[in-house]
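Undergrad: In order, the protein sequences belong to chains A and B. By the UniProt record's numbering, the letter at position 197 of the first sequence is numbered 197, and the numbering carries on one by one without gaps. By the UniProt record's numbering, the letter at position 188 of the second sequence is numbered 188, and the numbering carries on one by one without gaps.
Hints were generated in silico from the structure; no laboratory data involved. All C-beta atoms, glycine included, are put in the ideal place defined by N, C-alpha and C. Be aware that a few hints might be false.
To be verified - Here are the in silico distance ranges between beta carbons for each label pair:
1) A:Ser394 - B:Pro239: 33 to 43 Å
2) A:Ser287 - B:Asp395: 46 to 56 Å
3) B:Pro129 - A:Arg339: 46 to 56 Å
What the hints assert, rightly or not - One side only, chain A facing chain B, incomplete, derived with CB under 7 Å:
4) Ala67
5) Arg220
6) Cys221
7) Ser436
8) Asp440
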Amino acid sequence: MHEDAEREMAARLLEHPAVAEAVVRGGGERVAYLVPDARHAPLLHRACRLEAEGRLDGLSWHEPEGALLVAQLNRTETDFLYREIFSDNAYLRHGITIPADGVVVDVGANIGMFSLLAAASAPGVRIVAVEPVAELARAAAVNAELHGADVTVLNHGLGSDAGEVDFTYYPNNSVMSGMYAEAAADRDVLRSYLVTGDGAQPGPQFDRLVADRMTTEPRRCAVTTLTDVVAEQKLERIDLLKVDVEKAEADVLAGIDAATWERIDRLVVEVHDLEGRLETVLALLDSLGFETAHDRDRRLELTPCYNVYARRPAAQTATRTAPHPAQETLTALSSAVLRRAGDEPGEAAVPDRCVWVADLSQAEGYAAPMARQQPGDAPRALTEAWTELFGAGSARPEADFFDLGGDSLTAVRLLARLESQLGEEVVEPDIVFTASRFGDLATAVEAGLAKRGRAGPG
Amino acid sequence: MAESPPTVDDETFDGADAVARLAADLAATAPLAGALETVPRVAPLGGNRVDGEAGDGFDALERLLTRLARELGLPPLRLVPEPQGLTAPELAISGRLALGALLEQEAGVVDTDDDHLSRAAARVARPCPRLAHSRDGSPIHCYEAGPTDAPAVVLVTACGMPVSLVRRWMAELGDRFRVLTWESRGLFAPDPGFDLRGHDVAAQAEDLYAVLDTFGVEAAHVMGLCGGAAVALAAAPSPRVRSLSLWHGDYELGDEAPKTEHQQDVQSLMVMAGERRERAANLHKILRRPNTLDKLRADMAHELIYPYATAELLHRYGRLNGAIMTTDCRPLLAGVHQPTLVVTSDADTTAHPAGSALVAERIPGARLRTPARGDHLSAFDAAPAAIALARAFMDEVGFEGGM
Numbered sequence: 001m002h003e004d005a006e007r008e009m010a011a012r013l014l015e016h017p018a019v020a021e022a023v024v025r026g027g028g029e030r031v032a033y034l035v036p037d038a039r040h041a042p043l044l045h046r047a048c049r050l051e052a053e054g055r056l057d058g059l060s061w062h063e064p065e066g067a068l069l070v071a072q073l074n075r076t077e078t079d080f081l082y083r084e085i086f087s088d089n090a091y092l093r094h095g096i097t098i099p100a101d102g103v104v105v106d107v108g109a110n111i112g113m114f115s116l117l118a119a120a121s122a123p124g125v126r127i128v129a130v131e132p133v134a135e136l137a138r139a140a141a142v143n144a145e146l147h148g149a150d151v152t153v154l155n156h157g158l159g160s161d162a163g164e165v166d167f168t169y170y171p172n173n174s175v176m177s178g179m180y181a182e183a184a185a186d187r188d189v190l191r192s193y194l195v196t197g198d199g200a201q202p203g204p205q206f207d208r209l210v211a212d213r214m215t216t217e218p219r220r221c222a223v224t225t226l227t228d229v230v231a232e233q234k235l236e237r238i239d240l241l242k243v244d245v246e247k248a249e250a251d252v253l254a255g256i257d258a259a260t261w262e263r264i265d266r267l268v269v270e271v272h273d274l275e276g277r278l279e280t281v282l283a284l285l286d287s288l289g290f291e292t293a294h295d296r297d298r299r300l301e302l303t304p305c306y307n308v309y310a311r312r313p314a315a316q317t318a319t320r321t322a323p324h325p326a327q328e329t330l331t332a333l334s335s336a337v338l339r340r341a342g343d344e345p346g347e348a349a350v351p352d353r354c355v356w357v358a359d360l361s362q363a364e365g366y367a368a369p370m371a372r373q374q375p376g377d378a379p380r381a382l383t384e385a386w387t388e389l390f391g392a393g394s395a396r397p398e399a400d401f402f403d404l405g406g407d408s409l410t411a412v413r414l415l416a417r418l419e420s421q422l423g424e425e426v427v428e429p430d431i432v433f434t435a436s437r438f439g440d441l442a443t444a445v446e447a448g449l450a451k452r453g454r455a456g457p458g
Numbered sequence: 001m002a003e004s005p006p007t008v009d010d011e012t013f014d015g016a017d018a019v020a021r022l023a024a025d026l027a028a029t030a031p032l033a034g035a036l037e038t039v040p041r042v043a044p045l046g047g048n049r050v051d052g053e054a055g056d057g058f059d060a061l062e063r064l065l066t067r068l069a070r071e072l073g074l075p076p077l078r079l080v081p082e083p084q085g086l087t088a089p090e091l092a093i094s095g096r097l098a099l100g101a102l103l104e105q106e107a108g109v110v111d112t113d114d115d116h117l118s119r120a121a122a123r124v125a126r127p128c129p130r131l132a133h134s135r136d137g138s139p140i141h142c143y144e145a146g147p148t149d150a151p152a153v154v155l156v157t158a159c160g161m162p163v164s165l166v167r168r169w170m171a172e173l174g175d176r177f178r179v180l181t182w183e184s185r186g187l188f189a190p191d192p193g194f195d196l197r198g199h200d201v202a203a204q205a206e207d208l209y210a211v212l213d214t215f216g217v218e219a220a221h222v223m224g225l226c227g228g229a230a231v232a233l234a235a236a237p238s239p240r241v242r243s244l245s246l247w248h249g250d251y252e253l254g255d256e257a258p259k260t261e262h263q264q265d266v267q268s269l270m271v272m273a274g275e276r277r278e279r280a281a282n283l284h285k286i287l288r289r290p291n292t293l294d295k296l297r298a299d300m301a302h303e304l305i306y307p308y309a310t311a312e313l314l315h316r317y318g319r320l321n322g323a324i325m326t327t328d329c330r331p332l333l334a335g336v337h338q339p340t341l342v343v344t345s346d347a348d349t350t351a352h353p354a355g356s357a358l359v360a361e362r363i364p365g366a367r368l369r370t371p372a373r374g375d376h377l378s379a380f381d382a383a384p385a386a387i388a389l390a391r392a393f394m395d396e397v398g399f400e401g402g403m
């Protein structure tokens, strides 16, 4: 893109209130570097600041379902957690609610996704998040800060007694990490989950996927009891205790003394029903005066995992669905900014994507990737796609797409092939309706590539 | 989208009742017309009239359309003299209304008096949805037919299709069954929160349970049609599903069953459209072209094209139907515990019959019926032989309790 056009586009991007500063760079791929406005895009502003301060260090940003920006370790798990906690609302069920100014203890916090849900559920909620894996605890702290949630993150485990334990960390499957991890049994649980859910994959690939997810890393971690946490954190009461600790749940519950039990109003515990544990936990909670219910995620039906819900009969209840996360999202804001810039009249081409940064110095020295294909190659990509559709020898200048039997679905297939070879926006999606002869189409594709080439740096 | 030659609508034109028929057709095309982002334009198709020949009759027809739409409580349509420039959805509506034939009628037809018009409008039966909410909060429109104390059967229709596509099944089975169905989440009942909901097959299967809850039905026979068969399979682990019949199912079965070229094309279209809104908007530029109608059965075109009507619908359809078309059904099959009937036909060139055969083979005790006749869309025709097959199956497997 010429400098003038880049400047014109940057000026158009600046018209969006969420954008404080903007610069456009790139040849083959046009990138808009944007500094978010602190007032109109506070979440992104905080995200950029956290990143600039080096707080990510091994973590990355991801926005599951385009709805909730979080710092995370891997997307598959983050998507799983988001779906379980927000979309499926696995925790706030069976009369389990979080009152305003409530206190929540999130044991097995992972990257703090449940803590974020708790914070968004009611005003003034204080959360104590317990997570033994250092990387995950760090992500939980970053996420709390990003979303302005009142979360104290404790980087240790909980058990029946204070001490140190050996702990298996699955970096590619952190949600199954724990002190009772057993590779063979956990692999079976993971396999069962994968074949029940939509992550199912066939044959050898599937086995590779399982093996990859079950890569282990031994750790040693400090453990304390919930009773000690309540004392250290000076918790007068616990409105909701959430426990998801991969088979160590019995230990966590055993580390609660009678006085602490009296302060707990509600619990949601993931129970691994091994050796009748579900019955034992339900009986324990019943003897402590809780009303209980339990259910199971349909995707976990082949696994021994249940969720147990318990509350004091007097605890306030209300049927509620999972609260929606904050409205400002990276996905929506990026597309809104680009759409608005595209709506303005002018010659400058709209950038392919946005990169939000704390300051524009991060855009300096950026080397744009070269255009994926040079103009002279256009006919080859088109010829291949056309031949695949209509057979050998069909790619003649006068051959007509519709005469050869092309229809809307064929046009979609042709577009998909061209885009995969040449990138998007080289030709208008419905070009075949205005240039249906092969020769005309080849000219249009060449022109599109030449235009993109001219738009390169300098 | 379906691949089959256009056929003539089964209802023949009756000049004496032209207004009544127009009222019914306006109601039939209302979901599609209502989904468009601009006032739909319609051209007089279906007659022998020379295009562009506008006159008194044209003006009178325009007035008739406006009055009738108002009487039916529908948004207005804009009559244009020629079909050139109309989009595929507008042409589908125009084709159904067949206003060209009306223009050739006596002036009396278009100058119908108000009483006749009101009576014609009042006679139109329009499905009235009941609003349900699925487990993740998705609002869905659901429908019922038949006696409320009869055994229940749920029709899991193809993703994105208006309820009218299963009206024949509802009417035919409604004599002895309580027939329930619903329209896909995110595509009919307005839902600004669509992006926050589940889009996978499991989430869509939850909608079936929500329909049962809404009508107070504990358990039901479940009939899955086309892509609905995959959703029905996903719902099958629940004891609320008493029996399964799967009609012309469109299944992802890895490399163990071939797919037709049509299945592969639609699958890649769905994945592309569901990926991003910008991509869906680009694809919509292709799919709004009249050419899209070429391979759609004429009498169903206004229904089949519904989820392609706007870029937003296409994107949502891509996310939902893309999930259906790409989720491997094989892990679900061995666990199906209900009596199961699988129906396909060698004449189905849309969803490969080999897929149904594999599904029947893997479901314990399932039986496969493969009539020689009946293309993919025959799943919605509810022809007498299909109705007899469905009834015989449900009668045989029986139904205890669950009302």
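Undergrad: Take the hints in turn and mark each one as holding or not.
TA: Results of checking the hints against the structure:
1. A:Ser394 - B:Pro239: 33 to 43 Å: violated (55 Å)
2. A:Ser287 - B:Asp395: 46 to 56 Å: holds (50 Å)
3. B:Pro129 - A:Arg339: 46 to 56 Å: violated (32 Å)
4. Ala67: The hint holds - Ala67 (chain A) has a Cβ within 7 Å of chain B, the shortest such distance being about 5 Å.
5. Arg220: violated (37 Å)
6. Cys221: violated (34 Å)
7. Ser436: Violated, about 10 Å.
8. Asp440: This interface hint is violated because 17 Å lies over the 7 Å limit.
When each numbered hint is compared with the structure, violations occur for hints 1, 3, 5, 6, 7 and 8.
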